[in-house]
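Peer 1: The primary structure of each chain is shown beneath.
There are 2 protein chains.
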Amino acid sequence: MLESINARTGMAHGASWADSTAQDIDLAARQAQSVASDFARATPGLRAELLRSMGQRLLSAREALVALADRETGLGLPRLNGELDRTVYQLEQFALALDQGAVHLLLDEPAVAGAAPVGRPRMTRIRVPLGPVAVFAASNFPFAFSVAGGDTASALAAGCPVIVKAHPAHPALSLALAEQVQAAVAQCGLPAAVFQLVQGAGIAVGVRLVQAPAVAAVAFTGSLQAGRALADLAAARSRPIPFFGELGSVNPLIVLPSALASGAAERAAALAQSITLGAGQFCTSPGVILVPQGEPGDGFVHALAGQLSQLQPHGMLTAGIRRNFESGVDAWRHAGGAQVLAGLEGNAAATPAATLVQVSAADYLRQPALQHEVFGPAALVVRTQAMNEMLEVLAAIGGTLTATIWGIDGDAAQVTEEVHALVHRATEVAGRVLFAGVPTGVAVTAAQQHGGPYPASTAPATTSVGLAAMDRFLRPVALQDAPDWLIQRY
Amino acid sequence: MLESINARTGMAHGASWADSTAQDIDLAARQAQSVASDFARATPGLRAELLRSMGQRLLSAREALVALADRETGLGLPRLNGELDRTVYQLEQFALALDQGAVHLLLDEPAVAGAAPVGRPRMTRIRVPLGPVAVFAASNFPFAFSVAGGDTASALAAGCPVIVKAHPAHPALSLALAEQVQAAVAQCGLPAAVFQLVQGAGIAVGVRLVQAPAVAAVAFTGSLQAGRALADLAAARSRPIPFFGELGSVNPLIVLPSALASGAAERAAALAQSITLGAGQFCTSPGVILVPQGEPGDGFVHALAGQLSQLQPHGMLTAGIRRNFESGVDAWRHAGGAQVLAGLEGNAAATPAATLVQVSAADYLRQPALQHEVFGPAALVVRTQAMNEMLEVLAAIGGTLTATIWGIDGDAAQVTEEVHALVHRATEVAGRVLFAGVPTGVAVTAAQQHGGPYPASTAPATTSVGLAAMDRFLRPVALQDAPDWLIQRY
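Chains L and X supply the protein sequences, listed in that same order.
Whatever position you read off the first sequence (first residue = 1), add 1292 for the numbering used here.
Whatever position you read off the second sequence (first residue = 1), add 1292 for the numbering used here.
Among the clues, some could well be false.
Label pairs and their in silico Cβ distance ranges [stated by the list, open to error]:
{"hint": "1", "chain 1": "L", "residue 1": "Gly1337", "chain 2": "X", "residue 2": "Ser1554", "range": "50 to 60 Å"}
{"hint": "2", "chain 1": "X", "residue 1": "Gln1315", "chain 2": "L", "residue 2": "Ala1678", "range": "31 to 41 Å"}
{"hint": "3", "chain 1": "X", "residue 1": "Ala1553", "chain 2": "L", "residue 2": "Ala1738", "range": "44 to 54 Å"}
{"hint": "4", "chain 1": "L", "residue 1": "Gly1481", "chain 2": "X", "residue 2": "Ser1554", "range": "40 to 50 Å"}
{"hint": "5", "chain 1": "X", "residue 1": "Thr1708", "chain 2": "L", "residue 2": "Gly1337", "range": "21 to 31 Å"}
{"hint": "6", "chain 1": "X", "residue 1": "Val1632", "chain 2": "L", "residue 2": "Val1404", "range": "39 to 49 Å"}
{"hint": "7", "chain 1": "X", "residue 1": "Gly1393", "chain 2": "L", "residue 2": "Ala1738", "range": "15 to 25 Å"}
{"hint": "8", "chain 1": "L", "residue 1": "Thr1335", "chain 2": "X", "residue 2": "Gln1604", "range": "27 to 37 Å"}
{"hint": "9", "chain 1": "X", "residue 1": "Ser1554", "chain 2": "L", "residue 2": "Ala1484", "range": "39 to 49 Å"}
{"hint": "10", "chain 1": "X", "residue 1": "Gln1706", "chain 2": "L", "residue 2": "Val1404", "range": "49 to 59 Å"}
Hints are computed from structural coordinates only; laboratory data are not their basis.
In this text, all values refer to a predicted model and were calculated from it rather than measured experimentally.
The beta carbon of each residue, even a glycine, is placed where N, CA and C say it ideally should be.
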């Protein structure tokens, strides 16, 4: 059974809802499949209209939606209003991509006369929708990665019906958002099964959805444990389906000596803000900060600890997330060689304490328990003696959504081979490599890549943010000797 | 233990080789990983040079290689010389793509001033190699999909070291090809671990290779049973890796009434050639022919059976493939409602008989055993009463590499809604849809797509033929606020 919990008080509010049954889920999947061919053949223009209609409805219902989101998540009105704007912008960007018309027709090659291998028929490369997509909503972005968020928008843009599995931490908001999407679907004259919602407090709903024969792909944002379990189910089906899971991420940030030479105080302040943004509940929250041993590094770490001590993160999304955070930072505090620089106490308070713990690179590397993500307003400072240790720490972290390197000069002549090796290593472990700024905040654009090597993503060649998110739900088809009228339809 | 078997006599010839040990395989994977970063940073120009050097060496050694291939596969000199040409052309096409420079840098977006979501930093989308790729060679294309074939070429082009698991049906050829590739690697001044070969008669070698922690991706061409088993192992690793498996395919060919109106005899002759090409040992061999009930269809089927009866396919690749073929056609012959039109006998002969069996669509749909691929020179004619039965047969076949539709008019005004539905269904089940010609013969070009919905492929969004085959081994990375000198390196 699902209840709407006030994130600030922990008290249930209003109605409760029964979990979707196995029959509900199978029916939703079959209905989605029954409309998949028609929706695939809907014009890109109609799909753009659907996305824009969704955006308009979110804007019109903003006040009620944001209030509901605030009650169920405790993320605060400024953040939630900004996130709603971002969600509407995201819908509009996919609509624009559809308008521009490069979604389905990729390449049209004329026939070449002569014998093979040089000679060949006319070949036209197009992309077709995969079919019904199951979207698992995230808890930490109740608009941008939930019912009407990036996964839903990109799947609908691609021409795939969507079945959202609502996140149990914001059930009332999920239903309110689903009503808006359903109204947009109806307004565009599309069948209702183009968008459906299922819900449940336990794992049974998600398991059934991933196993439903009619489901063609899954998009998931959540924990490593849940994501891996569902990915394994998707791979074990008699017809395996792609599982696009965005799981945990450590997001290392490397401070090179040149970044300590000037502006270190401003950098420390920006980093403290990034670590505590949304109480650290961002998949791109910087979790490990690599700082060279020595005086300039000491000063930077001291400034960072001071900034963090002055910040009071708001409450966390759920009691469960809070418990995991406390046990995660406890493990850091009690690790060999650990030194607590901020957040000594706070376990009992209503809100979590911004926490900074420091270890040497040697201590970090010999304790695998330190290499896991701690989801919340905390970071681990790892002090390194040489560039080689930075490479080793990056390798130990393995897959991550982002890696940030501060202090690389814009002047190529000053770049050493060591720096080249560091940048290369960063591209080996991360989906996005930053050379300025902080990793929180992910632009919705064509070049974006949100998804790194496992375990950051179960499908590292794909992104869940940005226009390329659509690529996940489209499959290339080569048309050979196709008539002109057919090619013109793509 | 591996032996070189003469495909025509079944007798062992010359030396035998021990299977690679678990230690050999682990060492190969670690050595590949140890050179992966350096090879990833090799210039695209150097990789193009490697591919061209491989091609030159294949041409220089043509006579010996083709003779060896003919002894171990029995495919005949004309076919094998043509396949060698195609393999060299394939290497050259990837080299050209590297020359043209669009492999790594995908998109460079300038910063946009202002607040998010509109404002954003400079974002540059690049692609980086995945790391060591395990390539499982196919038996049926000893050049084009073996040691120096498409998977190896596309992985090296992408900047990934390759470990080939040789196909046990042509071990002597595999070693001779590997020597040529190794010489090319040395000539280009690259470390030897950029290309390695392992071998074995049993499944242990492949299992160990897929499970080796240092392997980052697998490319496989082979049977559904072996491919699915290895795909499951790849998904079950502690760090799952992508498994690009090209498995079985039925390749339906649909004859619409308008294709029977004229030129039916020529079409029947072309189809008979396609069914028996290479003794039917092509993954794109047409296995199910859909023909409308009635007189014109009867005439076409009669002509096809007549053509097939006059063709004598050459011997098959291995005794095991021959056994599977005979048991497959036996199941067809004894299915309910089956009528044998060609290939009544032949089980005991040295070479297989070209076989044609006919059933009604109703009989086909009610007998799932008929819906599996039979690898060899045989096709099943399915007689349909209405377009709707054609849609149902395509749905029953499910994933396939190709679907061919004969008889669609070039004039859009004459195209019915039924034809639109048929074309759409074909794009739903196939990776390539043909509107003329036969599906055997796969052009190496940018628009090509060789890989359809499961079970045709374990990764239906990817292709194993054509320039997009490289995409399998590259992972996108977004660079945020990167300095110019770095972007210029991609």
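Peer 1: Could you run down the list of hints and mark each one as holding or not?
Peer 2: Hint check results:
Separation of Gly1337(L) from Ser1554(X) is about 39 Å and departs from the stated range, judged on CB atoms against 50 to 60 Å. Against the hinted window of 31 to 41 Å, the Cβ-Cβ separation of Gln1315(X) and Ala1678(L) comes to about 33 Å, which satisfies the hint. Separation of Ala1553(X) from Ala1738(L) is about 48 Å and conforms to the stated range, judged on CB atoms against 44 to 54 Å. For the pair Gly1481(L) and Ser1554(X), the supplied restraint of 40 to 50 Å holds, since their beta-carbon distance comes to about 42 Å.
Taking 21 to 31 Å as the suggested C-beta distance range, the pair Thr1708(X) and Gly1337(L) conforms, at roughly 24 Å. Taken as a hint, the range 39 to 49 Å holds for the pair Val1632(X) and Val1404(L), whose Cβ atoms sit roughly 41 Å apart. In this structure the hint that Gly1393(X) and Ala1738(L) lie 15 to 25 Å apart at CB holds, the actual value being about 19 Å. A C-beta distance of roughly 52 Å is found between Thr1335(L) and Gln1604(X), which places it outside the suggested range of 27 to 37 Å.
The supplied range of 39 to 49 Å is met by Ser1554(X) and Ala1484(L), whose beta-carbon atoms lie about 47 Å from each other. Distance hint for Gln1706(X) and Val1404(L): a CB-CB separation of about 28 Å, inconsistent with the stated range 49 to 59 Å.
Checked against the numbered hints above, the structure breaks hints 1, 8, 10 and satisfies the rest.
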